[in-house]
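Peer 1: Positions 1 to 127 (the UniProt record's numbering) are the ones given, in order, by the sequence shown.
Warning: the hint list may mix true and false statements.
[Said to hold, decoys possible] Per label pair, the in silico range of CB-to-CB distance:
1) GLU22 - VAL43: 16 to 26 angstroms
2) VAL106 - GLU22: 41 to 51 angstroms
3) ASP104 - PRO67: 25 to 35 angstroms
4) GLY116 - GLU22: 49 to 59 angstroms
5) ARG18 - ASP64: 35 to 45 angstroms
6) TYR47 - GLY116: 21 to 31 angstroms
7) ARG15 - VAL69: 21 to 31 angstroms
In short, the hints are calculated from the structure, not lab data.
Since we're looking at a predicted model, the values are computed, not measured.
Note that beta-carbon positions come from the ideal geometry of N, C-alpha and C, so glycine has one too.
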Amino acid sequence: MRIGELATKTGVSVRALRYYEEQGLLSAARSSGGQRHYLDDAVDRVYLIQMLYAAGLSSRTILDLLPCVDAKVNTPQSRAMLRAERDRIDRQITQLRQARKRLDEVIALSESPASGCTRTSTDASVA
Numbered sequence: 001m002r003i004g005e006l007a008t009k010t011g012v013s014v015r016a017l018r019y020y021e022e023q024g025l026l027s028a029a030r031s032s033g034g035q036r037h038y039l040d041d042a043v044d045r046v047y048l049i050q051m052l053y054a055a056g057l058s059s060r061t062i063l064d065l066l067p068c069v070d071a072k073v074n075t076p077q078s079r080a081m082l083r084a085e086r087d088r089i090d091r092q093i094t095q096l097r098q099a100r101k102r103l104d105e106v107i108a109l110s111e112s113p114a115s116g117c118t119r120t121s122t123d124a125s126v127a
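Can you build the whole structure from these sequences, using the hints too?
Peer 2: Right, here's the structure in full:
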């Protein structure tokens with residue numbers, strides 16, 4: 001199938017598919033005219049790439065994991081890589097929770113009469 005058809009089937013932009021190919025995540029055969037042609041299993045590959053991106057993995061990490069996926073082999077290294085990514089995401093979640101807590105404190109302070117802030121009647125959330 002051609003790149004436009006793959007984009008339509010997966011809901012991923014043509015630009016993203018080209019990027020996946022540049023990163024080595026997706027491969028295509030080329031016609032004599034240079035047009036990309038993908039096998040039917042490219043749809044599943046794109047879905048997998050999207051899922052791994054959504055999980056927060058970088059293209060480099062995905063590239064490192066794909067040989068294990070393709071060979072259907074679960075290695076200690078691949079499991080360690082996934083655990084490391086999960087730990088990284090956990091750290092980000094902790095940092096985001098701390099940032100939200102600080103923001104809640106700033107909001108509470110700004111709403112307090114003791115803050116000295118002038119409150120207007122305009123709903124700022126609409127802006």
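Peer 1: Indicate, hint by hint, whether the structure satisfies it.
Peer 2: The hints, checked one at a time:
Between GLU22 and VAL43 the CB atoms are about 19 angstroms apart, so this pair conforms to the stated range of 16 to 26 angstroms. As the Cβ distance of VAL106 to GLU22 is approximately 42 angstroms, the hint placing it in 41 to 51 angstroms holds. Against the hinted window of 25 to 35 angstroms, the Cβ-Cβ separation of ASP104 and PRO67 comes to about 45 angstroms, which falls outside the hint. Checking the proposed 49 to 59 angstroms range against GLY116 and GLU22 shows it holds: the Cβ atoms sit about 54 angstroms from each other.
Between ARG18 and ASP64 the C-beta distance comes to about 21 angstroms, which lies outside the given range of 35 to 45 angstroms. Between TYR47 and GLY116 the beta carbon distance is about 54 angstroms. The supplied range of 21 to 31 angstroms is therefore violated. The supplied range of 21 to 31 angstroms is met by ARG15 and VAL69, whose beta-carbon atoms lie about 24 angstroms from each other.
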